[in-house]
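Given chain A, put chains B, C and D in place with the hints provided.
These protein sequences, in sequence, are chains A, B, C and D.
Position 281 of the first sequence, counted from 1, bears residue number 281 in the numbering used here, the numbering being contiguous throughout.
Position 283 of the second sequence, counted from 1, bears residue number 283 in the numbering used here, the numbering being contiguous throughout.
Position 122 of the third sequence, counted from 1, bears residue number 122 in the numbering used here, the numbering being contiguous throughout.
Position 253 of the fourth sequence, counted from 1, bears residue number 253 in the numbering used here, the numbering being contiguous throughout.
A hint or two may mislead.
Copies of the same chain look alike in the list, so a pair counts if it works inside one copy or between any two.
Said to hold, decoys possible - With a cut-off of at most 20 Å between alpha-carbon atoms, the simulated DMTMM-like pairs for lysine to aspartate or glutamate come out as follows:
hint : residue 1 : residue 2
1    : K115      : E282
2    : K114      : D46
3    : K114      : E348
4    : K114      : D345
Treat the hints as calculated values from the structure; they're not laboratory data.
This is what each chain is made of:
4 protein chains.
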Amino acid sequence: MPGNTFGQLFRLTTFGESHGAALGGIIDGCPAGLVLDLAAVQEELDRRRPGSTALGTARTEGDRVEFLSGVIDPALVNDVPELVEEGSVITLGTPIGFILRNQDARSGDYDALKKIYRPGHADLTWDLKYGIRDHRGGGRSSARETACRVVGGAIARQLLAREGTVVQAYVSQVGEEVLQVPPSELRFEGLWLDPVRCPDAATSARMAALIEQVRSEGDSVGGVVSCMVRRMPQGLGEPVFSKLDADLAGAMLGINAAKGFEIGSGFRAAAMRGSEHNGALEMGYRITEESEEAGYRVEEPAAVSSNDHSGGTLGGISSGEDMHFAVAFKPPATIARPQRTVDVDLMEVTLEAKGRHDPCVVPRAVPIVEAMTCLVLADHLLRQRTARL
Amino acid sequence: MPGNTFGQLFRLTTFGESHGAALGGIIDGCPAGLVLDLAAVQEELDRRRPGSTALGTARTEGDRVEFLSGVIDPALVNDVPELVEEGSVITLGTPIGFILRNQDARSGDYDALKKIYRPGHADLTWDLKYGIRDHRGGGRSSARETACRVVGGAIARQLLAREGTVVQAYVSQVGEEVLQVPPSELRFEGLWLDPVRCPDAATSARMAALIEQVRSEGDSVGGVVSCMVRRMPQGLGEPVFSKLDADLAGAMLGINAAKGFEIGSGFRAAAMRGSEHNGALEMGYRITEESEEAGYRVEEPAAVSSNDHSGGTLGGISSGEDMHFAVAFKPPATIARPQRTVDVDLMEVTLEAKGRHDPCVVPRAVPIVEAMTCLVLADHLLRQRTARL
Amino acid sequence: MPGNTFGQLFRLTTFGESHGAALGGIIDGCPAGLVLDLAAVQEELDRRRPGSTALGTARTEGDRVEFLSGVIDPALVNDVPELVEEGSVITLGTPIGFILRNQDARSGDYDALKKIYRPGHADLTWDLKYGIRDHRGGGRSSARETACRVVGGAIARQLLAREGTVVQAYVSQVGEEVLQVPPSELRFEGLWLDPVRCPDAATSARMAALIEQVRSEGDSVGGVVSCMVRRMPQGLGEPVFSKLDADLAGAMLGINAAKGFEIGSGFRAAAMRGSEHNGALEMGYRITEESEEAGYRVEEPAAVSSNDHSGGTLGGISSGEDMHFAVAFKPPATIARPQRTVDVDLMEVTLEAKGRHDPCVVPRAVPIVEAMTCLVLADHLLRQRTARL
Amino acid sequence: MPGNTFGQLFRLTTFGESHGAALGGIIDGCPAGLVLDLAAVQEELDRRRPGSTALGTARTEGDRVEFLSGVIDPALVNDVPELVEEGSVITLGTPIGFILRNQDARSGDYDALKKIYRPGHADLTWDLKYGIRDHRGGGRSSARETACRVVGGAIARQLLAREGTVVQAYVSQVGEEVLQVPPSELRFEGLWLDPVRCPDAATSARMAALIEQVRSEGDSVGGVVSCMVRRMPQGLGEPVFSKLDADLAGAMLGINAAKGFEIGSGFRAAAMRGSEHNGALEMGYRITEESEEAGYRVEEPAAVSSNDHSGGTLGGISSGEDMHFAVAFKPPATIARPQRTVDVDLMEVTLEAKGRHDPCVVPRAVPIVEAMTCLVLADHLLRQRTARL
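Chain A on its own, in the form it takes in the complex (with noise of 0.2 Å):
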């Protein structure tokens, strides 16, 4: 089976070179009825457009989501919810198609490397797979793709918002700058303006000058994106293969320059005694429903763990507490120094890197980290409506 669809019930399948026409994509199985903010996916795509923080790249696609079907004006059909908001559209449960024409692709830029492969990116191993390639930028396998990941991640996350969800990623590494801030103690407030994504300003600024400083140097640096889910439904995740856990990892291994998961104490845990480790559960509350402007929240009685090292699964399955996990992301593989490297006849060239990229991929990670969070749940809150009678 083609590796371009994600999902079961919920399912994203995308298409789309760097410098092709278009990149786009189809969302299959989003509920019928369910009312869509389009503004709102505009926004979550800005925030990974290059450009939209001071740290990226210069280059602007403006990358403008189109919608060719699948939604419908309110006013077309005949039992309209009441609290429809001016704008809106409703999902008509049929297949949401849309498109992201490419613009400002100058592949003039890459003509040198149709017959370099770049170190450490994917020239080489697509040679090897399929025999042919689309070396102007990338091709498919540059990031610019995961922009169709943020369109569909943004309708998962809407549908996900009718539960209370809330799912939130952040920096909390750059190079040696690690974030020591709690995760309970974490405030979001404002984070899309911050230009590292990272909650704390004071790390947040040494991060933002480590950047600026390895950018000067030509070189890019790593870095760590977490990623909190909270008022997470319960029981999400399948036991055995698709565990809640796998899923997320496989979602987040499938991000461009992702080397590694954990979730809850994570790699941590295996330096840990278990009469550490276990958290005993207690009886307590847990909210289904809140509403900060209004003032007030609903809490039912529940289970819940007295620490957080389980990261909001035990067994692959959600128990309904806070979710955290996190993905480590290797330096971006383009820097402005020569380096060495094989043509595609197998001979030793030195490469000298033109164009525009970023020193460090993770504050535009951040909200793709987000939407392949909501791909996922919003697949497994699905998929559990048929677990019971």
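Frame of chain A; chains B, C and D shown alone:
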């Protein structure tokens, strides 16, 4: 789609509760004409078995696998490959069904647990998901289910062996004891005789001592299993959602008690610079065939990396270089100490565990990591057959 | 993707050769909490069994199904539904594994066929596909494999029964003998006692006489199985590729010896005018609940068609009206007459069939048509759970 | 799993409503390196277009397909196959995205239908399924959606052409006019110029006259499309659930207005004896390569059937002989006569259809039957690549 099937073209579907009549599975998609050594499958299963190392639990189910279909005695077919060894069978291209009868299941041990949610176990979340649960030995949430994965993986391994591919996992950390030998210097002879399955004798001894100490304290301890794949086929992995890294990550986080996955440089990549992380590509050679016994090796020219940070893939596709990755496991949740928890009515109770349990899961996780790796690779090996004209 | 799995959410995977150790399967996706009568499953299996009608072959395997997982004794769980009958079990939401041991397999009967391609059988094409073949009893191409479908269908039927849905197939043609009674006038009491499984006694007698005559001539004869579904759930079927009609057609043509499928007006529609074919929609009532024993019926207003040409779907989606369709079966390929054919070396030979064989397959195809129908409907019943918010 | 994806390895996912912004789709799994003639795709699309025959509706959308990804100009890649014709492109192995903008959609024509369920249409059942519906032109239930299938099928056809495989459908019945020429005597030159797409001129003329008469009566008429596949690859089809016959049946019943499918002897088989139906296997020859222009043909020895009752498969697997099957279509539901029906409140109303509609769908169904056939065969061609070692 239910979560008991793994893989797209080479696919394993499993069933079975820990204390039901039997476990079993169906391996579908194994190509016709593969000569199989079924005794080798049983041998792999024996490595996973409780009691297979001196450090595990005393439960000894035997775990005899019975094959029910999909293979045939070479004497019964018209065109026998010449070199079929005595006792081998040949695949028919039809699904390979198998079962493992449950034995030695002291279900009575678990009566007290019917109404209790054990900390760190899946009891709570299964009830949240299904509203019903087989509490005996954890039902299907028991790691006993992984026996079926080992069977499937052992068949997959024999398919991979035709490409010369060798999958080798080992314990690289137990608690605070970490294997310091670089992967390229490791030797794996006799690994299955080592009680910890750590390829360095001195480290293994320290790990074994730690496990015994933890056991004597009524506690448990976590660890890390690393895995190396040699003579990897080139070009495996779908480039977007089903990257080889992504499918491996999903496979590994689908193993009970796994909390993290990293490939190549993994989480260390976050602190690295691009100039350090990028492996220069060089003209080199890769081994395509090798026989230590016959004393020969066949090589072909290939682009090779100057470092191993990528872990064997670029852009999610295998380069043909050695692949290596690591999986973090939490300490087993069952410990011989009283723990606070709640029952099904959310009343707080104290749990005193009985029965036989592993103080450390990683030695027995080694064959499971290998099995899941073999399943992923066999699946992608077949998928790659349709990538090109 | 291998072809031994049927369904998306309610899915059956089967294995087994006719003369191997066992047949079996895994039913995955059956919701948790379903009370199952396993004796009823065996009863359905008995209807498919050779020897279940006076007109079939003499082979009597017994076909005892053994369930291995996925269900639990109500006494072992905390929340038992009140009305669980003695002997019932409850589904756990985990995969239901089952096997049927092969018995009474006189493999020796087939020795002569190892090198011969029987006319009308799959011997030739299996060799073309796989290059290897289990010739004993046709291996996996034997209709014996359908026993597993009957098990899966019997579980699906018990899920459908909760909606009040009743699936009833019957023989409507044997050779030139055609059932002329309109479907709405058919009565199905005692159908399983009728040797032909035809609901009209006079027609059944003529069919039985024809079958006996054909048998005495060493020949075989084809037929048609019709199927009616009453109290259909509304809204089942995906509107484009996976129309309910399409999935039923695929299910039916997947039964051995099936050559055609039609729904509602079927091939007669080709000769009709729209003014005749279109059913006017009228305001009417549909039965949502009914008990003949208790003597009550619950109805609700519904749009109903003035004719039955649609067969119960419009645009591939069920309207809730009775569904009816028909499946054509060719005469069994094995006959007691010498036939010209070729062997594996393409040399022409004369085949003289031995062994025990059915002169007409349709009476035994009735439970298989029902089973496949139940599998399709149960799958779509679950799929429909995610169609709307 | 949502129902807008067709195929396993060669897979088409489509989107689009009749009067939305655009229709489109993604072809995923087409192997890399296939030289494609995109003009030929447009040509196939033109055959499906309303107005493509003198007998269809007057609506002429143009239906220009725009390809957005997955193919590349040969000038841009390193290894060009030698014989690439001017204007051709090469597949990259990545998904092929395409769109067809909607034009000439007089949505106003449909205002009166917002609250009415048209008899014989899917209006009622879509509301039952989704609770919401795009009434304009039938939304996604419109046959306009099949344009995307024709695009996918046209790509599949070019993959099949490399095997020499030729898929040819034609009209064999309109109302009571039935084509009587045996398939082996049919000649297909100029078929696309015939307004009925019937390969016999005399029959075509009678069919055309019937269609015109039916149109003048404000009525519509049904028909049958037959399909023949020559130079079939051997061994295609999975033996149990995904038999080639089964996948074709599912594909055909997934076409709008289809009511029946039969392969080979079809429903006639029900009245036949085994001694008549079985084709004796004989030693013969099959054409593996052929060029009428160059005047040569390559043959190889093969077992061939003495009759064509099987339709080209045995046990669900292709024998390599010509495949033939037929699809019954009901008369179009929209007719120019008043019809009784109900509205969304179940009140009875009289419907007077407006707009432009086909009196007979089968001439335009011919390219759709071909497209679905090509999709099924291309998928199984790729699946067969993993059947053997």
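Structure-based check of all given hints:
{"no.": "1", "hint": "K115 with E282", "in the structure": "between (62 Å within a copy, 15 Å between copies)"}
{"no.": "2", "hint": "K114 with D46", "in the structure": "neither (30 Å within a copy, 37 Å between copies)"}
{"no.": "3", "hint": "K114 with E348", "in the structure": "within (15 Å within a copy, 58 Å between copies)"}
{"no.": "4", "hint": "K114 with D345", "in the structure": "within (12 Å within a copy, 52 Å between copies)"}
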